[in-house]
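Colleague: One-letter residues, chain by chain:
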Amino acid sequence: EDAAQESTVSAELIAHRKRLVDEWNAWRSRCKEDLMQERKAKGKGVDGEKHAEEAKEEIE
Amino acid sequence: MRPILLQGHERSLTQIKFNREGDLLFSCSKDHIINVWFTHNGERLGTYDGHNGTVWTVDVDSNSEFMVSGSADNTLRLWNVATGKCLFKWEFPTAVKRVAFNEDDDQVVCITEQRMGHQGAIRVFNINREGDGTKQSKEPLYMFHPIGSKATVCAFSFQPGIIITGHESGKIALFDVKTGDEVNNNERAHNDVVTDLQLSPDRTYFITSSKDKSARLHDTKSLMVLKTYPTETPLNSAALAPKRPYVLLGGGQEAMSVTTTSLRQGKFETRFWHKIFEEEVGRVKGHFGPVNTIAVHPAGTTYASGGEDGFVRVHHFDDSYWRAKPYGDLEILE
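Protein chains in written order, with the working numbering: chain A, 537 to 596; chain B, 44 to 377.
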């Protein structure tokens, strides 16, 4: 029974953490979009592209 | 993860900073000196001599060409990183407590202290990068006096013309540099002095530490508190770890008596917290006094801490740090 309870707790915890990560990732995506707009408005298209390229390299 | 000990300061450290490549670490101290070190082996590359008081703050541009420093001798100085030469000196009625470059390396913001008939001020200077750097304008491009609580830390936001500040009261705020208007604030960001402010690489969020024993993550635009990391000791510094979901916190209370000192030898810790889950994940001890300043290598491979004990400790993260997934396989955006 204890073990069963523990596994429920940890399942809840895992779900909770997944939710926190999802919220964080959604917020980060919005930020990045916002930043791109800001850079365009500032007339820093070249810089923005450069940053985007750097980001791509990191992912690879 | 055996640390490299940098021994070259005779008094407590006030701020340390990596350059963009992370191969150099700048350190300033109450001993009036600024040092620069090779981070891979801890060798001292050079010293910047000239200040006549505690050097409170230092920042380096993204090309590692110019460095700026602020001191209790009431000057802000511009240095040539490679030659160690002081290129320009701005003088004020009070001490310079914080300096920071903007993203384009062509402006510097600084805070001067409020003291005896002088208001605290925030000034922005243009940095003329033409020629050898010795031709600078004496007059600030912008200057304003934040009303209310004294500003203790500052940085340029990702939004043009906006300065982020942290204050003695625990407030954080955004100022329009042109008008000096406070355009946004969070009075209750902390309950005590804000001691450090470090930005995310894209400047859209930042971390602050406070004497209220907590560190917090804030959205740069709304100043909303995103995350809180509560500890049991006053904090002097907080840093973000690139490429890993961690934040690093440092502080500690100075031991009052000799007996407690001997017990607490080397016990002052840098705390690692999970950035998203707000849970402590580890501690690294080593300093003989409070940790005053923490910096992380821009690639996230190394971190350094500067202590009240006069030492800088450089830690290169080992494989286990990169492999560890204490909370599973979730992908977390930077």
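Hints listed in this document are in silico derivations from the structure and should not be mistaken for laboratory results. Treat the hints with care, since some could be wrong.
What the hints assert, rightly or not - Quick look at which bits of chain A chain B covers, simulated, 3 or more residues with Cβ under 8 Å:
#1 549-555
#2 567-577
Stated by the list, open to error - In silico EDC-like pairs for lysine to aspartate or glutamate, Cα to Cα no more than 20 Å straight-line:
#3 Lys270/B - Asp245/B
#4 Lys554/A - Glu322/B
#5 Lys368/B - Glu548/A
#6 Lys576/A - Glu321/B
#7 Lys576/A - Asp147/B
#8 Lys256/B - Glu211/B
#9 Lys264/B - Glu574/A
#10 Lys264/B - Glu559/A
#11 Lys270/B - Glu574/A
#12 Lys264/B - Glu312/B
#13 Lys568/A - Asp147/B
#14 Lys554/A - Glu323/B
#15 Lys568/A - Asp262/B
#16 Lys286/B - Glu230/B
#17 Lys554/A - Glu321/B
Keep in mind it's a predicted model, so treat the numbers as computed, not measured. Virtual Cβ for every residue (Gly too), placed ideally from N, Cα, C.
Colleague: Hints broken by the structure, by number, lowest first?
Modeller: 6, 11, 12, 16
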